[in-house]
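S.K.: First to last, the protein sequences are chains R and F. The opening position of the first sequence corresponds to residue 1 in my numbering, with each subsequent residue numbered one higher. The opening position of the second sequence corresponds to residue 1001 in my numbering, with each subsequent residue numbered one higher.
Calculated from the structure, these hints are not laboratory results. Don't be surprised by glycine CBs; every beta carbon is placed ideally from N, CA and C. Treat the hints with care, since some could be wrong.
Said to hold, decoys possible - If you want a taste of the chain F side facing chain R, the calculated C-beta under 8 Å gives, among others:
(1) Leu1012
(2) Arg1014
(3) Leu1016
(4) Thr1020
(5) Val1111
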Amino acid sequence: MIKSRLFTKTILTIIVLFAVISVTMALSSGWNLYNDLIQEYTSKGTAIARSVAGSSVEILLNRDASMIQATIDQFAEIAGVSYVYVVDAQREIVSHTFVPTIPDEILRIADPGRESAIKDVVIGGRDYIDISSPIVAGAVGHVHVGMDKSMIRMQIGRAIARQLGAILAILLVSVAVAYILVNKISQPLNKLTEYGRKLAARDFSATVEIKYEDEIGLLARTMQSMAKELQKAFEGYEEAIKEATAELQETLAYLTNIIDNMADGLLATDTSGKITRVNPTLIDMLGLHGSNIIGRDCSEVLDTELAGLEKKSRRFPERTLTLDIDLTRGRTGKAVATSLHTQPTPETPEGTSMGSIILVRDITAEKETDRMKTDFISTVSHELRTPMTSVLGYTAITRKKLQEILFPRIALKDGRVEKTMRQVIQNLGIVISEGERLTNLINDLLDISKMEAGQLEWKMQPLSVDDIIDIAMDATSTLFEQKGLQLKREITGTIPEIVGDRDRLVQVMINLLSNAVKFTEKGLVTCRAAADLGEVVISVTDTGIGIPRTELDNIFKKFKQVGDTLTDRPKGTGLGLPISKQIIVQHGGRIWVESEVGRGTTVSFTIPLPSTRHGEVDASQRGWDVGMPESDQRHSQTA
Amino acid sequence: MPKILIVDDEPLMRNLIEQTLGALEDCGVELLAAQDGISAVETIIREKPDIVFLDVMMPKMNGFEVCSITKKDLGLSTVHIIMLTAKGQEFDKQKAKEAGADGYITKPFKVDEIYDKALEILRLRPAV
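The shape of chain F in the complex, shown without the other chains (with noise of 0.2 Å):
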């Protein structure tokens, strides 16, 4: 079953997001949540998520490095990574890129942007 992350420190983005991609749990993705960076490296190790919607500054631990443990320490490539960034400047796009981000999302999104996103990872992937 395919998984989906959301890490936000803002449950009502949280929220946001879950409810975007609910149509998707018709379909029988899961959705998961986390609020700070550390839960998230806790839950992207236990439940190996197929895509992870991360935001950027939260409290703890950013989502940068969040991003880069994932994909440089664990070596868990198959995780695809979608980065928030509130900023939406070249700087962060570029620190994005070196922590390993498969893409990133600028804050304020259109919904149907991550719900065209998400689709477009899954149906790429043989499983879904």
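Okay, chain R solo, but in the shape it has when bound (with noise of 0.2 Å):
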């Protein structure tokens, strides 16, 4: 049971209450009694002196003392009186009730004259009243009536005692009804608080009695209705979190059966590059049975390549990086480095940081299949160019000698003769010039499906930009003189020099030259070239048929040539920009076009300059796509 602190609270109140209460009416009726007295006792003294004083004087005139002594002995008697005594008018006591003698300090008490005085005097260390009374104005004698003030206290001592007695006995009483009554209300709410006490300790079970219907009752009553909503709250929320929690856990399973369960390798790792997650698809790839990895740092467990690729993905969050790698039992694998962050919201639209997230994909077929491409495009083009060139030398062999010695030999009389002589020249030429295209065909086939698969060597190398152009200009002067079209140079400064391969720079220029030419029928083609922002723009302008708009996008991708194929006679291998594209992309620049309709055509490509090339990311690296920043992107037309 509860000690009830309103019990003791409310007993200790009375107790005070009482305690004060008792001491100040002890004190006031104590004075008051004792004035009471003190009046009582001087008027009886009074009384007493006057009466002895009337009866004394025949006796003292006569001198008969055993008369005074036997009518003071009868006053001596009187409750209060202490003693009394008579003086003559020469201050000598005729008559006293002393005993055994008369006390010196009595000697000491001065006659009051004429008049009744009262003294309070000490006599033999105890406090008296002295009253005195003259017997005929003092001139016969006077009489002393001393009153005890000792008797006084004592009156006032026991009535004190008796009231203190009887405020005791209110307060033992109050007491005992405080506890009956305190009890009757802090057992009930004691009940309710240990009630409470469950309540909050989620024992909903827990009841409490309801005996009356006061206020108390009314509030447990309350608390019982609130104690079953309370219940019926928790049963739901704890339903809810069952339920929530259940499929919590069902998602998360499902979650990590698909994690367990892919075919690429997984890897999660936090801020600070300690790996958080993996799968069994990278255990097994990476070799990593064994150890337990979770927790321990991407340096220490992963090779140097693929903790480098997840530090770079924590630096450049914005980037996505792929990086190839070597797996277990000679495999190869694609590692793909993204960031990890959460879900945007107003406070934070770039989602905070989590880490970074590494699947890699396992890519030997792909990379079989790729060398197997490689392989069948390379000997097919081997074995077209073998036959090809038979063809192309036998026929020119056979125009030549036509021309050179058949024709002057045959007489050109007739008409037809002459005109299938014509023909069959013109015929041939077509064999001819149709057979280098096909030969193209196969050259740039051979050279795109090379730099695809990444087999090409690239001799990187300071370059001027003026030779390149110069020798672009000389190698197309000739398709240019053919159709009368102008070719105009315009750099602007001085260029710095770039790194790049110089055959294969050359290569894009004659690419976009020629295309130029082949666009154009009249007006002219300006090459252009300047150094800005730390790249050099180089771009061929012509005033030729332009490119639709819808066409924009397709003019980057393999066999895509502007205009029908069928009523428009194709005039290239439709190889040319996806190649020169390849080719600037290796650079790490970046080529677009923008063209009219009918006022011609531009197309720029851009080359870093050494010092700013890519910045921090080397693209020499084996496997890294440093990209293009996004800003970038909108120029480059991607096939």
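Hints given; two lone chains; assemble the complex.
M.R.: This is the structure:
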């Protein structure tokens, strides 16, 4: 049972209250009683003194002491009277009630003269009220009556003791009553408190007894209904939590299953590069069996390249980085690293970084297919070239022999013969030019397949942009002459040296210039170059037919040429721009096209200057895909 | 009399080059032919030709080896060797250079290219 604080407080209050009241009352009534008793004693003493004085005149005049003695002895018997003595006019004690001797202090009490007098005197260490009354105006003597003050004190003490006794009795009764009353209030309150505590501890089976329909009963009833509501709410919440937990566990298990059954390896890290999650595929791919790698730093567990990729991914969260890596059992994998971040919120529009995710795919088969494809194209190209050499060679020789040896010996009198001879030469010319186009196509196919497979060797060296433009202009000058087109060269300022593959960049320039010639009937072609913001921008502008907006997206795609190939005779292999794009991207640059139908086309490309090439990331590193900033990509026509 | 050796395992290709250079025969140039690397080396040793048009991919011994034997092992520096490389890749050009070849022509070539090359080399020689 809870100790009743209410009871303790009430009892303490009552006791303090009673103590204060009783002390005040005792002091007050004691004082009143004292005054009353003093007055009573004084009156009594005065009456006695007067009475003795009245009856003593004759006796004193007759000097009959024994009579006086008899009188005062009577008065000495009265309660409160301590002594009575009579002195004559000469202040000699005629008679007294002192036993056994007259105290010395009596002799020092002066007579009041003609009037009565009341004095406080101390005799033998005790307090008295001395009341004196003259006999015949003091001419005969005086009567002194001594009233004992200690009697008064005794009476007051007794009175106070009685009073206190009564108060104590009242106190005890009050305490008992208070105890019963307080108990009546505090016990149900204590029970309610206990009940409340049980409810707080979610013991909804607890009950509380309601005896009366008073305020406490009402409170208890309210608490009970509140408990019921709470219980209902709790049960609802518990059920909801149970359901949500089960659902979450199911989702978690489902996600875990997805991650664990993925064909790709998965590795997740936190913002400090510590591994937070891996799936069995990754463990198997990297041969990490038997080592507990969760919570360990990537650099401790993974090889340098993969750990470097993870680190780079955290440094450049906006990029998706890829890396070809060696897996166990001689297999090859492609690791793709992206940053891991929370969903964007208004406060954090880019989400909060949580680390990185690396996905590793086994690309052994793809690599093998790629290699086989490249080998196939390479072999096919080679096998095609040999017969093409024969076709072109024999046709050329045949034409030469016809023109130089046979035709001059044929008489040209017959118009039909002359026409046939002209047609034969023309036809052979078509065979040769188409054969050459086929050869170019084979060469381009071989180039692009090697570029795509990353098998082409790049001879990177410092180069002069002017030289590249000059070589390409020289190589294409015949084309311009044939069509009567003007070729203009505009170099702005001094262009620093770039780093690149000379032959390949010349190939790009020739591609662009021959395209310009191909699609321009009149006007001019302008070749411009300028250094700007850490890169060299080179462009070729023509005044040709232009490219419709709908076709712009296709021009860097393989075998996509502008115009209808059924009605317009194709003028190239359809691989020139895709190859050019591959070459430019390999150099870390970008290539794009701007055109307006009927007004002309400008194809531009950039090559980064050596100091700014790729910023912090080196593209020549094996497998790194540095990509381009998004702002740049809008210019780039991706094939 | 200047001699030109044509080495190719493909009869069509040999014939084409022979026809191309046929006009030179009128000027007194002797045209020789070999169909594989070994017979090419034998002919080179025996005839010491002025020019060899040498195919790369051949059975028994490839063109690079023939070139290397001629230039390095036999020390025949006066024999002008033009490799006929079908691939036209940097790799092959580099190999041709390493083997000591004096030039290379990429297949498919233009017939005039072969003729002009032969004429150019022969004209440099004081005897022609």
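S.K.: Which earlier hints can't be squared with this structure?
M.R.: 2
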